[in-house]
Amino acid sequence: MTDETVLVTGAAGFIGSHVTRRLLEMGRRVVGVDSLTPYYDPALKEARLKQFDGAPRFWSIKLDLADRAATAALFAAEKFPYVIHLAAQAGVRHSLTDPHAYVDANLQGFANVLEGCRHRTAGIWSLRRPHRSMAPTPGCRSARPTTSIIRSVSMRRRRRPTN
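Residue 163 is where the sequence shown ends in the working numbering, and the numbering goes up by one at each step.
These aren't lab readings, by the way, just hints derived from the structure by calculation. The structure displayed is predicted, hence computed values, not measured ones. We put the CB at the ideal spot given by N, CA and C, even for glycine. Do not take every clue at face value.
Stated by the list, open to error - Okay, the calculated beta carbon distance ranges per label pair: (1) S95 - A70: 19 to 27 Å; (2) G27 - L96: 22 to 30 Å; (3) R22 - E78: 25 to 33 Å; (4) P56 - H100: 35 to 43 Å; (5) G27 - S95: 36 to 44 Å.
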């Protein structure tokens, strides 16, 4: 068991909730951040977070990462040694009808998380290619222990049979 806290953004999402569960099983303290936007059914997201009710090493924060001041306050209050950034608004088609929502959720939110990590030794990890691999984000320093966390948390993709 370790006292190091891991920040998981998008903790109420499908992948984020699985990563959170695995980290808790490993004995990590986890702060789960999600904005619970109605892009996907908020009841589904709340049900995913409810599975962690009573877990003494987990607490969730409802936060829109596009809110620069609120995100900065989160990083000022807690010095996260590790950040796993999974928060995003999927669905490129939606960006055609509401590009500002897409930019706020994906670009501004990510920029604010990077800013929060900027003056820290935290390793930040992001899902660069959905369902393929978790890899360090360029420009961020990643600590060696983070690699073992990610390897044990990441979902392994089955190899396709070659003919």
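Hint by hint, here is what the structure shows:
1. S95 - A70: 19 to 27 Å: 23 Å, holds
2. G27 - L96: 22 to 30 Å: Given about 44 Å between the Cβ atoms, the range is violated.
3. R22 - E78: 25 to 33 Å: Cβ of R22 to Cβ of E78: about 21 Å, so the range 25 to 33 Å is violated.
4. P56 - H100: 35 to 43 Å: 39 Å, holds
5. G27 - S95: 36 to 44 Å: At roughly 39 Å between Cβ atoms, S95 and G27 fall inside 36 to 44 Å, so the hint holds.
The structure shown violates the earlier hints numbered 2, 3.
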